[in-house]
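These protein sequence lines are chains A and B, in that order. Take any residue in the first sequence, count from 1 to its spot, add 160: that is its number in the numbering used here. Take any residue in the second sequence, count from 1 to its spot, add 3: that is its number in the numbering used here.
I should point out that these hints are in silico values taken from the structure, not numbers from a laboratory. Here the structure is a predicted model, which is why all the values come from computation and not from measurement. We put the beta carbon where it would ideally sit given N, CA and C, even for glycine. Be aware that a few hints might be false.
Here are the simulated SDA-like cross-link-like pairs (lysine to any residue), alpha carbons at most 20 Å apart as the crow flies [stated by the list, open to error]:
| no. | chain 1 | residue 1 | chain 2 | residue 2 |
| --- | --- | --- | --- | --- |
| 1 | B | Lys42 | A | Cys271 |
| 2 | B | Lys565 | A | His230 |
| 3 | B | Lys54 | A | Asp496 |
| 4 | A | Lys499 | B | Asp472 |
| 5 | B | Lys141 | A | Cys271 |
| 6 | B | Lys471 | A | Asp496 |
| 7 | A | Lys259 | A | Glu340 |
| 8 | B | Lys471 | A | Lys235 |
| 9 | B | Lys471 | A | Met449 |
| 10 | A | Lys235 | B | Arg84 |
| 11 | A | Lys491 | B | Lys565 |
| 12 | B | Lys54 | A | Lys499 |
| 13 | B | Lys93 | A | His230 |
| 14 | B | Lys93 | A | Lys499 |
| 15 | A | Lys344 | B | Met564 |
| 16 | B | Lys147 | B | Arg84 |
Computed footprint of chain B on chain A; a stretch qualifies when at least three of its residues, placed anywhere within it, have a C-beta under 8 Å from a C-beta of chain B [stated by the list, open to error]:
| no. | stretch |
| --- | --- |
| 17 | 329 to 341 |
| 18 | 414 to 428 |
| 19 | 485 to 493 |
Sample of chain B residues with no beta-carbon within 10 Å of chain A, all distances over it, derived [stated by the list, open to error]:
| no. | residue |
| --- | --- |
| 20 | Asn62 |
| 21 | Glu250 |
| 22 | Ala476 |
| 23 | Asp513 |
| 24 | Gly541 |
| 25 | Met549 |
| 26 | Ala553 |
| 27 | Ala554 |
| 28 | Ala594 |
| 29 | Val610 |
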Amino acid sequence: MSVNEYDVLVIGGGIAGMEAATALGDMGFSVVLVEKEPSIGGIMISLSKVFPTTDCASCISSPKVSTVAHHQNIKLLTYSEVLDVRKENGEFKARVKQKARFVHPEDCTGCLKCEQACPVMVPHEFNQGFVGRKAAYVPFDTAYPRSAVIDLNNCIFCGACERVCPTNAIDFLQKDEEEELSAKAVLITTGGKLFPMERKKEFGYKKISNVINGLQMERLLAPTRPFNTVLRPSDGKVPGKIGYVLCAGSRDASLGNPYCSRICCMYSIKQAILLMGALPLVDVTIHYMDIRAFGKGYEEFYRQAVDMGVQFVRGRVADLNELENGDVLMKSENTDTGKIVEEKYDLVVLAAGILPETHNRTATEALGYATDSIGFIKPRADTIGATEVSEGVFAAGLGTGPKDIVDTIAEADAAASSCASYMKENFGKERAEKILRELM
Amino acid sequence: MPERIGVYVCWCGGNIADVVNVKEVAKHAAGVPEVVVAKDIMFACSDEGQKTMVDDIKNLKLDGIVVASCSPVLHEQTFRRVAERAGLNKYLYVQVNIREQDSWVHAHDKKGATEKAEELVGMGIEKLARATPLNPIKVELTSKVLVVGGGVSGLTTALELAREGIHVTLVDRDRYLGGFVRRLPDVNPVHRPGKDVIADLYSRVVSTGNVEILSGTDLLEVSGSIGHFRARFKERSGHIRHDADRELLSRAERECPVEVDNEENFGFTRRKAIVLPDDRVPETPYIDMEHCIKCGVCQRLFGEGVSFDASDIEFEEEFSMVVQSTGFQPYLPGRGEFGYGETRRVLTLPEFLRLADTSGKTLVFNGRQVRDVAFVYCVGSRQTETGGPNTYCSRYCCTSTLNTDSYIKKKFGSSINSFHFYRDIRAYGLYETMYERASREKGLFIRYDPASPPSVTAEGERVKLVTKDSLTAGRDIEVSADLVVLVTGMMPSEDGKKLSAALKVSSSKDGFVQELHPKLRPVETTVGGVLVGGTAQGPKDTHESMISGAAAAAKASTLLMKGYTELEPYVVTVSEQKCNGCTQCVTECPAGAISMVEMEGRQVASVNVAMCKGCGACAAICEPEALQLIGYTYPQLRAMVSFSPQPLGAQSK
Chain A
161 MSVNEYDVLV
171 IGGGIAGMEA
181 ATALGDMGFS
191 VVLVEKEPSI
201 GGIMISLSKV
211 FPTTDCASCI
221 SSPKVSTVAH
231 HQNIKLLTYS
241 EVLDVRKENG
251 EFKARVKQKA
261 RFVHPEDCTG
271 CLKCEQACPV
281 MVPHEFNQGF
291 VGRKAAYVPF
301 DTAYPRSAVI
311 DLNNCIFCGA
321 CERVCPTNAI
331 DFLQKDEEEE
341 LSAKAVLITT
351 GGKLFPMERK
361 KEFGYKKISN
371 VINGLQMERL
381 LAPTRPFNTV
391 LRPSDGKVPG
401 KIGYVLCAGS
411 RDASLGNPYC
421 SRICCMYSIK
431 QAILLMGALP
441 LVDVTIHYMD
451 IRAFGKGYEE
461 FYRQAVDMGV
471 QFVRGRVADL
481 NELENGDVLM
491 KSENTDTGKI
501 VEEKYDLVVL
511 AAGILPETHN
521 RTATEALGYA
531 TDSIGFIKPR
541 ADTIGATEVS
551 EGVFAAGLGT
561 GPKDIVDTIA
571 EADAAASSCA
581 SYMKENFGKE
591 RAEKILRELM
Chain B
4 MPERIGVYVC
14 WCGGNIADVV
24 NVKEVAKHAA
34 GVPEVVVAKD
44 IMFACSDEGQ
54 KTMVDDIKNL
64 KLDGIVVASC
74 SPVLHEQTFR
84 RVAERAGLNK
94 YLYVQVNIRE
104 QDSWVHAHDK
114 KGATEKAEEL
124 VGMGIEKLAR
134 ATPLNPIKVE
144 LTSKVLVVGG
154 GVSGLTTALE
164 LAREGIHVTL
174 VDRDRYLGGF
184 VRRLPDVNPV
194 HRPGKDVIAD
204 LYSRVVSTGN
214 VEILSGTDLL
224 EVSGSIGHFR
234 ARFKERSGHI
244 RHDADRELLS
254 RAERECPVEV
264 DNEENFGFTR
274 RKAIVLPDDR
284 VPETPYIDME
294 HCIKCGVCQR
304 LFGEGVSFDA
314 SDIEFEEEFS
324 MVVQSTGFQP
334 YLPGRGEFGY
344 GETRRVLTLP
354 EFLRLADTSG
364 KTLVFNGRQV
374 RDVAFVYCVG
384 SRQTETGGPN
394 TYCSRYCCTS
404 TLNTDSYIKK
414 KFGSSINSFH
424 FYRDIRAYGL
434 YETMYERASR
444 EKGLFIRYDP
454 ASPPSVTAEG
464 ERVKLVTKDS
474 LTAGRDIEVS
484 ADLVVLVTGM
494 MPSEDGKKLS
504 AALKVSSSKD
514 GFVQELHPKL
524 RPVETTVGGV
534 LVGGTAQGPK
544 DTHESMISGA
554 AAAAKASTLL
564 MKGYTELEPY
574 VVTVSEQKCN
584 GCTQCVTECP
594 AGAISMVEME
604 GRQVASVNVA
614 MCKGCGACAA
624 ICEPEALQLI
634 GYTYPQLRAM
644 VSFSPQPLGA
654 QSK
């Protein structure tokens with residue numbers, strides 16, 4: 161069983177998990193990183209560009225993916241889920257399910273022949289449903305592992321993929337497998353997800369074709385974007401007038417989310433700047449309550465958007481309605497004039513807020529950390545600046561509250577540091593030294 | 004020297020390929036005799052892209068690769084690892100930047116951009132064809148770190164490192180630790196006094212047994228490079244024994260005849276010339292010799308325990324890494340800025356917090372009870388419209404003010420009325436609930452336009468604020484208050500600027516320490532071995548400063564637990580035969596790495612490899628070409644400069 165013993169179990173392979181795992185691995189700890197999706201990378205790798213540097217997100221996250229993938233101290237379990245974790249004698253025992261890919265990743269070369277052969281077309285999650293993917297598919301260009309996976313829920317069992325696979329990597333008989341592993345500490349980086357905008361009925365998300373969320377706009381703007389330009393969903397028209405609704409699903413007690421989601425102001429400003437570059441004739445108007453450009457260089461980035469001609473209108477948006485030609489009629493207040501205004505837009509983007517990923521809380525119940533009413537992991541009572549949420553359990557990233565990439569990285573490194581300290585104090589020679597000092 | 008070169012031209016999704024015809028560039032490169040294979044790749048950095056290169060190096064027996072993609076800042080390390088994994092010397096790889104230096108800046112000239120890419124790639128090949136295998140310079144790292152600054156961030160860095168078994172020296176000029184947080188009466192979001200938060204951190208730091216605390220110590224000088232930083236300290240004498248008896252100390256304080264303004268409380272309280280720690284850490288008293296009149300009262304109590312002429316101690320130590328946690332300084336409004344300095348009833352937020360903390364059950368200023376407090380936000384921040392120097396947002400001030408509002412209402416009762424003159428309330432994330440609470444607790448929010456900020460004028464014992472409120476469509480608002488609190492932003496500290504200059508750490512436009520990458524590497528600086536934590540890097544609140552401090556510890560431990568680091572082999576070598584002893588290079592070298600030594604009766608240049616940064620400034624001006632920068636040799640540079648691209652069509656004709 162010695163192969164399944166690790167120093168640290170990291171749950172979640174987004175940017176927080178990758179950063180923390182790399183830091184711990186670099187310090188010499190053995191790490192097992194469990195990711196439920198077929199590829200690591202999380203939300204960040206699917207983004208267009210990051211604020212305020214406008215670096216291409218895929219370009220700056222793929223080296224992190226690569227580092228994790230090739231790290232000698234990191235064992236990667238993708239498409240895997242932690243079923244339960246319990247604490248025994250100060251160590252953690254976890255049961256992990258390796259979901260069947262129906263492809264042997266060690267044989268798959270990522271040649272895409274199966275994908276080309278597969279006749280089934282379903283909406284592509286990575287591209288936010290704008291284009292289709294096959295039932296046999298590689299999740300995205302920069303995925304790791306770059307191995308196909310077969311989506312059995314949509315597969316019609318035609319066998320086309322199996323016939324074309326040059327390495328016979330496809331195996332329909334593959335089964336989920338369970339593995340038991342042990343770790344001395346656990347780091348939770350399970351991340352977050354966008355607020356489900358359909359819950360705000362007034363905005364008509366998923367009913368009005370040309371109302372999309374912020375992550376969908378990310379895909380429309382990404383270097384690997386599906387249409388190579390920005391098109392609105394209803395009729396493929398290049399939008400000339402785009403409206404942004406900030407605080408969509410955030411700062412809204414009526415939806416049960418009283419929090420501010422921290423990133424939506426900035427990603428909207430960034431998208432506005434990118435849109436102006438991509439569509440030189442576009443008009444972008446951002447409807448906001450407070451512009452929260454609080455990070456380093458953010459206020460300057462906001463000023464840049466103002467100088468480029470992005471319109472900022474203060475006031476909440478009341479509702480959105482679809483017009484016959486697909487345009488969206490927005491009713492909102494403008495507190496500067498004190499008037500209620502109606503405005504037509506070709507496309508409306510809901511700057512949707514952040515909720516914690518609904519990770520399997522029962523699986524980690526035994527770890528003894530607390531969550532708030534929304535599900536964000538809470539710090540231990542009366543602690544400040546700490547990432548240890550329960551003894552031997554650490555947390556970072558969107559799971560502890562909404563935050564942007566740089567704050568996520570800092571928190572992940574801080575968690576790695578505290579986790580290393582915990583390991584050294586409880587399992588290293590430092591423990592012996594400490595006991596000795598206390599005796600003397 | 005490489006004779007079988009592979010060239011890889013990256014699409015970077017559409018970042019490059021939308022402008023540069025990457026297939027054309029690869030085809031062009033294939034025409035160079037040394038090039039065995041030339042390909043275009045969707046994402047060279049992706050695992051798939053890397054695999055292609057590794058396979059090619061092995062299968063085609065390549066002895067060098069050129070990758071034409073983004074800036075080496077992003078991916079030099081990535082592609083070096085590719086070379087290494089394939090068994091190739093990692094310095095037999097050249098990165099050509101056709102994104103930042105080509106496709107992004109020539110988006111409207113696709114033909115020109117493609118030709119430029121061809122030329123840049125050709126130069127890269129020429130350079131590689133004259134390269135030799137190199138090995139990094141290995142520097143041993145002893146487990147010894149200097150943390151400069153003992154605020155929450157520095158203390159957290161020290162604590163984490165010490166818990167990991169690394170020896171830390173923590174230096175602070177202040178005699179008491181805790182920086183800004185020490186003086187906060189109520190730290191958000193734990194709502195404990197700052198000095199308690201600091202005392203807890205301090206006792207945990209002390210209990211590790213791995214931290215040497217030098218408080219009341221000046222850092223006189225620091226120099227060197229990773230593995231070998233030398234620091235010179237001056238420990239200022241406290242003129243009284245550290246372990247002086249508590250009761251005697253209290254008596255000495257009572258009897259000391261000198262009374263001066265207590266700077267800890269901005270003069271809202273007074274103190275004696277003998278200063279007691281008073282819940283501060285370390286718990287050591289001192290005598291303020293600037294004000295002491297040497298009356299001898301305390302000397303009679305402590306005898307030899309007091310020494311007026313005890314001298315400061317200077318000493319030097321060596322460290323392998325330095326963490327800059329020098330914090331910030333609050334913005335100080337100019338005279339007349341929102342009435343500051345003109346009426347006493349205008350205070351800054353740090354001043355107001357000390358007033359509130361040192362007040363009893365009622366909030367009293369200048370003998371009058373305070374009932375109406377007006378907060379003016381964004382003073383010294385977001386000054387684009389007002390023409391001030393600070394264009395940035397100071398991040399912590401909105402929530403700190405909301406917290407202050409709640410704190411004074413808790414302490415002095417809800418009879419206090421608060422008025423908030425703000426621009427945007429940036430109560431981000433979970434802090435939003437504080438904003439909501441402040442509104443519920445009857446805080447009145449007035450939104451002002453930066454073009455017409457509130458005017459502040461004294462009106463008898465009160466202060467009048469007038470502005471237009473954009474929440475009510477620009478209605479004129481007039482508020483009369485007992486006190487006006489200017490919510491001042493954060494500025495980079497003078498001490499921090501000096502330290503950065505000494506270590507040659509770059510600053511960003513706002514004057515704070517420049518992090519290595521604003522998105523991905525927030526606690527590393529432009530200088531190897533120097534990390535940054537807390538507000539020295541940019542405005543943060545208490546929690547965020549601590550997180551940043553812990554993150555800096557993580558980056559230090561990744562190197563220190565390994566015990567060594569590897570530096571670039573791109574350093575300068577000297578040919579003593581060619582050197583004419585002109586000494587120009589000594590003057591030119593920004594790192595101070597070159598000195599003149601005597602050899603066979605004449606003076607020749609000599610390079611300290613550990614200090615050389617490989618900038619090449621010396622080689623550029625060395626007339627006899629005695630100084631040669633490894634990796635950028637004269638033959639390499641000449642070949643690159645004289646490379647002239649042959650249009651593909653011309654070659655075949």
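Each hint tested on the structure:
1. B/Lys42 / A/Cys271: 17 Å, holds
2. B/Lys565 / A/His230: This hinted pair holds, its Cα atoms lying about 18 Å apart.
3. B/Lys54 / A/Asp496: 57 Å, violated
4. A/Lys499 / B/Asp472: 15 Å, holds
5. B/Lys141 / A/Cys271: 40 Å, violated
6. B/Lys471 / A/Asp496: 11 Å, holds
7. A/Lys259 / A/Glu340: 14 Å, holds
8. B/Lys471 / A/Lys235: Measuring from Cα to Cα gives roughly 60 Å; hence the hint is violated.
9. B/Lys471 / A/Met449: 18 Å, holds
10. A/Lys235 / B/Arg84: At roughly 19 Å apart (the allowed maximum being 20 Å), B/Arg84 and A/Lys235 satisfy the hint.
11. A/Lys491 / B/Lys565: It is violated: about 60 Å lies between the C-alpha atoms, which goes past 20 Å.
12. B/Lys54 / A/Lys499: Status violated; Cα separation ~60 Å.
13. B/Lys93 / A/His230: Distance ~16 Å between B/Lys93 and A/His230 Cα, so the pair holds.
14. B/Lys93 / A/Lys499: Violated: B/Lys93 and A/Lys499 sit about 64 Å apart, past 20 Å.
15. A/Lys344 / B/Met564: Holds, at about 19 Å.
16. B/Lys147 / B/Arg84: Cα-Cα ~29 Å, so violated.
17. 329 to 341: With 0 residues close enough to chain B, the hint is violated.
18. 414 to 428: Holds: 5 residues of the stretch 414 to 428 of chain A have a Cβ under 8 Å from chain B.
19. 485 to 493: violated (count 0)
20. Asn62: Non-interface label on B/Asn62 holds, nearest chain A Cβ at 14 Å vs cutoff 10 Å.
21. Glu250: Answer for B/Glu250: holds, closest chain A Cβ roughly 29 Å.
22. Ala476: 3 Å, violated
23. Asp513: Given a closest Cβ separation of 7 Å, the condition is violated.
24. Gly541: 4 Å, violated
25. Met549: Nearest chain A Cβ is 2 Å from B/Met549, so the label is violated.
26. Ala553: Label violated. Min Cβ-Cβ 4 Å, cutoff 10 Å.
27. Ala554: Per Cβ check, B/Ala554 is inside 10 Å of chain A; nearest 4 Å; violated.
28. Ala594: 27 Å, holds
29. Val610: The claim holds: B/Val610 sits with its nearest Cβ about 31 Å from chain A, beyond 10 Å.
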